[in-house]
Amino acid sequence: MNYNLNNLPERTSKPRTEGYTMVMDKGLSLREVEDLIETSGNYIDIVKFGWATSYVYPKLKEKIALYKSAGIPCYFGGTLFEAFIARDQFADYQKILDEFGLEYAEVSDGSIEMDHDIKCEYISTLAKQVTVLSEVGSKDAAKIIPPYKWIQQMETELEAGAWKVIGEARESGNVGLFRDSGEVRQGLVEEILTQIPEEKILWEAPQKAQQVWFIKLCGTNVNLGNIAPNEVIPLETIRIGLRGDTFSHFL
Amino acid sequence: MNYNLNNLPERTSKPRTEGYTMVMDKGLSLREVEDLIETSGNYIDIVKFGWATSYVYPKLKEKIALYKSAGIPCYFGGTLFEAFIARDQFADYQKILDEFGLEYAEVSDGSIEMDHDIKCEYISTLAKQVTVLSEVGSKDAAKIIPPYKWIQQMETELEAGAWKVIGEARESGNVGLFRDSGEVRQGLVEEILTQIPEEKILWEAPQKAQQVWFIKLCGTNVNLGNIAPNEVIPLETIRIGLRGDTFSHFL
Amino acid sequence: MNYNLNNLPERTSKPRTEGYTMVMDKGLSLREVEDLIETSGNYIDIVKFGWATSYVYPKLKEKIALYKSAGIPCYFGGTLFEAFIARDQFADYQKILDEFGLEYAEVSDGSIEMDHDIKCEYISTLAKQVTVLSEVGSKDAAKIIPPYKWIQQMETELEAGAWKVIGEARESGNVGLFRDSGEVRQGLVEEILTQIPEEKILWEAPQKAQQVWFIKLCGTNVNLGNIAPNEVIPLETIRIGLRGDTFSHFL
Chain A
300 MNYNLNNLPE
310 RTSKPRTEGY
320 TMVMDKGLSL
330 REVEDLIETS
340 GNYIDIVKFG
350 WATSYVYPKL
360 KEKIALYKSA
370 GIPCYFGGTL
380 FEAFIARDQF
390 ADYQKILDEF
400 GLEYAEVSDG
410 SIEMDHDIKC
420 EYISTLAKQV
430 TVLSEVGSKD
440 AAKIIPPYKW
450 IQQMETELEA
460 GAWKVIGEAR
470 ESGNVGLFRD
480 SGEVRQGLVE
490 EILTQIPEEK
500 ILWEAPQKAQ
510 QVWFIKLCGT
520 NVNLGNIAPN
530 EVIPLETIRI
540 GLRGDTFSHF
550 L
Chain B
300 MNYNLNNLPE
310 RTSKPRTEGY
320 TMVMDKGLSL
330 REVEDLIETS
340 GNYIDIVKFG
350 WATSYVYPKL
360 KEKIALYKSA
370 GIPCYFGGTL
380 FEAFIARDQF
390 ADYQKILDEF
400 GLEYAEVSDG
410 SIEMDHDIKC
420 EYISTLAKQV
430 TVLSEVGSKD
440 AAKIIPPYKW
450 IQQMETELEA
460 GAWKVIGEAR
470 ESGNVGLFRD
480 SGEVRQGLVE
490 EILTQIPEEK
500 ILWEAPQKAQ
510 QVWFIKLCGT
520 NVNLGNIAPN
530 EVIPLETIRI
540 GLRGDTFSHF
550 L
Chain C
300 MNYNLNNLPE
310 RTSKPRTEGY
320 TMVMDKGLSL
330 REVEDLIETS
340 GNYIDIVKFG
350 WATSYVYPKL
360 KEKIALYKSA
370 GIPCYFGGTL
380 FEAFIARDQF
390 ADYQKILDEF
400 GLEYAEVSDG
410 SIEMDHDIKC
420 EYISTLAKQV
430 TVLSEVGSKD
440 AAKIIPPYKW
450 IQQMETELEA
460 GAWKVIGEAR
470 ESGNVGLFRD
480 SGEVRQGLVE
490 EILTQIPEEK
500 ILWEAPQKAQ
510 QVWFIKLCGT
520 NVNLGNIAPN
530 EVIPLETIRI
540 GLRGDTFSHF
550 L
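Chains as they are written, first to last, in my numbering: chain A, 300 to 550; chain B, 300 to 550; chain C, 300 to 550.
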């Protein structure tokens, strides 16, 4: 760090086993990726190519190589998995994971209806090929899943082989874990935490107030995702009590 | 594209006759323009220099040349036209179009009061010099133009020589076609579409929900404008049903 | 400027004595700083490294040097000052100002409780070392300071040696000078202006509507701060009546 400040909370460093930051890249240029690595490479543990932006992005292999050279693995957003499933192209999906040299994949059912047993089978199958993140929660704001079901799904998906489970929020942060207004469904999160080990969960929390809420609840090294590239540095300061929002919390 | 997905809606490619994406540049650096071309050049049909940002931007000729080299024409926002008109400097305006080698110009009356016949005369005059986009709708949220007047104005402006008519929304997307809240004035749009050919209209739709709404109504290849540079890739995925918002719509 | 428009309001140029634009940098890469200087260097008078982002930013000295080479001084956000004070490390704070060659510093009490006499002592002490900006207003939305106290504090802080006083708004623009909704506390601002010379105040105004409001009240060359890097060019157009929002105001 650039200077010494006493009594800061302890932040993990790479390679992390907790305190992950997952960044959503929805179309950064190669130069922007280089810049992101320069400013924030030490604070980014994994990058998601948002939903199916990887389909239209023109220099995908170069981008994956850039991130990899900085020790940052990438994965395709869950919507892409669903796009292949909805077209009965799962085998093609498995092939492109290899073709692009990806070591992680997301399994989700945010936009399609899928029997939960089938979802767990996909997790189990993919877990033999890559490290699997599985996502719980709908992208449909009207579709409220009760807490006990979140827990049930998270448990069975972890048993099926998921490395971590993701709590859904989208880029906007107004579905899944959150209400329309972006407010956290606090009861839901607290109930989940009574049953699922915190380190197995990656909370999507794109809005600052959401990040602050999780950090106050779970501490500096909570796993957070869907962070915008230019919010990684700000998030680091929130994690260690160096932004107004958590300043008093960590004193 | 980076991999094969079956049964996607057909997206036009450049040079397009429908499915235009107009991007608003409100001060990108030359390097950012290079990056935008790299990631999104194939998806951008035309660029608007928002309102009169071209007045204060320091490397305007270099920027225009950069876009041109990528096959992307540029034009000055309508507010600049109005700034010249309000100062009785129309002749100067015509000169700078030539000086900067522009092949498109916008005629609007969003910030000034102008007799509609006069507006049509400007369209007609400029149409001899460049390709004219004319804009309908006020930048004043309090000034509601009824649907029949939108239609009347669009019709006469097209007759006067406008290549396309633009539905006003501003950078923020909360006037003209939209309510204060950003919600689409649905009845207005639907009534317009009963009278004006869809391919003659460019809908300003800066917010994601607005883009989704128009794509669901008019299809993949609707003309959309005021797209932020970093939203071009996301917009492409929405157009072809590869983002949650239109995923089911195109299955 | 790129072309001639008659009867525009007169905008000051660098080095300015009024009409300052203070930009908030919360983690720009070196290349982004170069780009910002290219597009907006003439419009930026001073840069603040938001809150304590300078702690985690990896190339701080290079960045300060870049800005300096463009004639733009930098300073650390007030929250960093408070982080040192809260840890009883004021001497360390003074040392790092020298170590990084900074000529400006901010004194604030937005996140901590501090006796106002003590605050003024810090201002007085630091004013012997650097040029001091002092900030009035809390980061806590619930903590409303009445106008007479704002005035009292601003007066005594200027007497203590502050070069200018800053009206608090945060990055988001929803505390201090503004209501939760972002709306200006108009009565507060107007009352302040009856007692404190306008040129001694730097108004934080991150939202466009806030910038427009201050420009309409105080004119083209009002001092504004917490401007996002990509909003500097747009702000210049608002200052001179070349964006819809102030178009009629300056005609």
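Don't take every hint at face value.
Copies of one chain are not kept apart here, so a pair can be met inside one copy or by any two copies together.
Calculated lysine-lysine pairs in the DSSO-like style (CA-CA distance at most 27 Å, straight line) [stated by the list, open to error]:
no. : residue 1 : residue 2
1   : K448      : K358
2   : K442      : K367
3   : K448      : K427
4   : K507      : K427
5   : K358      : K507
6   : K442      : K313
7   : K499      : K360
8   : K360      : K313
9   : K507      : K442
10  : K394      : K442
11  : K442      : K360
12  : K394      : K313
13  : K360      : K515
14  : K427      : K442
15  : K499      : K448
16  : K515      : K394
17  : K442      : K499
18  : K515      : K427
19  : K358      : K499
20  : K442      : K358
21  : K448      : K515
Just so you know, the hints here were simulated from the structure itself, not pulled from any lab data.
Consistency of the hints with the structure:
1. Taking identical chains as interchangeable, the C-alpha atoms of K448 and K358 are never at most 27 Å apart, the minima being 40 Å within one chain and 46 Å between chains.
2. In this assembly of identical chains, K442 and K367 lie within 27 Å of each other by CA distance neither inside one copy nor across copies; the values are 37 Å within and 47 Å between.
3. In this assembly of identical chains, the alpha carbons of K448 and K427 lie at most 27 Å apart only when taken from the same copy (26 Å versus 63 Å across copies).
4. In the homo-oligomer, the alpha carbons of K507 and K427 never lie at most 27 Å apart, since the shortest distance is 36 Å inside one protomer and 37 Å across protomers.
5. In the homo-oligomer, the alpha carbons of K358 and K507 lie at most 27 Å apart only across protomers (24 Å), although the nearest pairing inside one protomer, at 30 Å, exceeds that limit.
6. Taking CA atoms no more than 27 Å apart as the test, K442 paired with K313 passes in neither setting, with 37 Å inside one copy and 39 Å between copies.
7. In this homomeric assembly, K499 and K360 never come within 27 Å of each other (Cα to Cα): the closest approach is 29 Å inside a single copy and 38 Å across copies.
8. With identical chains, the CA atoms of K360 and K313 are at most 27 Å apart both within one copy (24 Å) and between copies (24 Å).
9. For a Cα distance limit of 27 Å, the shortest separation of K507 from K442 qualifies both inside one copy, at 24 Å, and across copies, at 20 Å.
10. Neither within a single protomer nor between protomers do K394 and K442 lie at most 27 Å apart by alpha-carbon distance, with minima of 32 Å and 56 Å respectively.
11. Neither within a single protomer nor between protomers do K442 and K360 lie at most 27 Å apart by alpha-carbon distance, with minima of 36 Å and 50 Å respectively.
12. In this assembly of identical chains, K394 and K313 lie within 27 Å of each other by CA distance neither inside one copy nor across copies; the values are 30 Å within and 30 Å between.
13. Taking the shortest Cα distances, K360 and K515 never come within 27 Å of each other, neither inside one copy (38 Å) nor across copies (32 Å).
14. When the C-alpha separation of K427 and K442 is checked against a cutoff of 27 Å, the pair qualifies neither within a copy, at 31 Å, nor between copies, at 55 Å.
15. For the homomeric pair K499 and K448, the shortest alpha-carbon distance inside one copy (17 Å) is at most 27 Å, but the shortest distance between copies (50 Å) is not.
16. With identical chains, the CA atoms of K515 and K394 are never at most 27 Å apart, being 41 Å at best within one copy and 32 Å at best between copies.
17. In this assembly of identical chains, the alpha carbons of K442 and K499 lie at most 27 Å apart only when taken from the same copy (24 Å versus 38 Å across copies).
18. In this homomeric assembly, K515 and K427 never come within 27 Å of each other (Cα to Cα): the closest approach is 36 Å inside a single copy and 39 Å across copies.
19. In this assembly of identical chains, K358 and K499 lie within 27 Å of each other by CA distance neither inside one copy nor across copies; the values are 32 Å within and 33 Å between.
20. With identical chains, the CA atoms of K442 and K358 are never at most 27 Å apart, being 36 Å at best within one copy and 45 Å at best between copies.
21. In this homomeric assembly, K448 and K515 come within 27 Å of each other (Cα to Cα) only inside a single copy, at 25 Å, whereas the closest approach across copies is 32 Å.
Violated hints, in rising order: 1, 2, 4, 6, 7, 10, 11, 12, 13, 14, 16, 18, 19, 20; the structure is consistent with all others.
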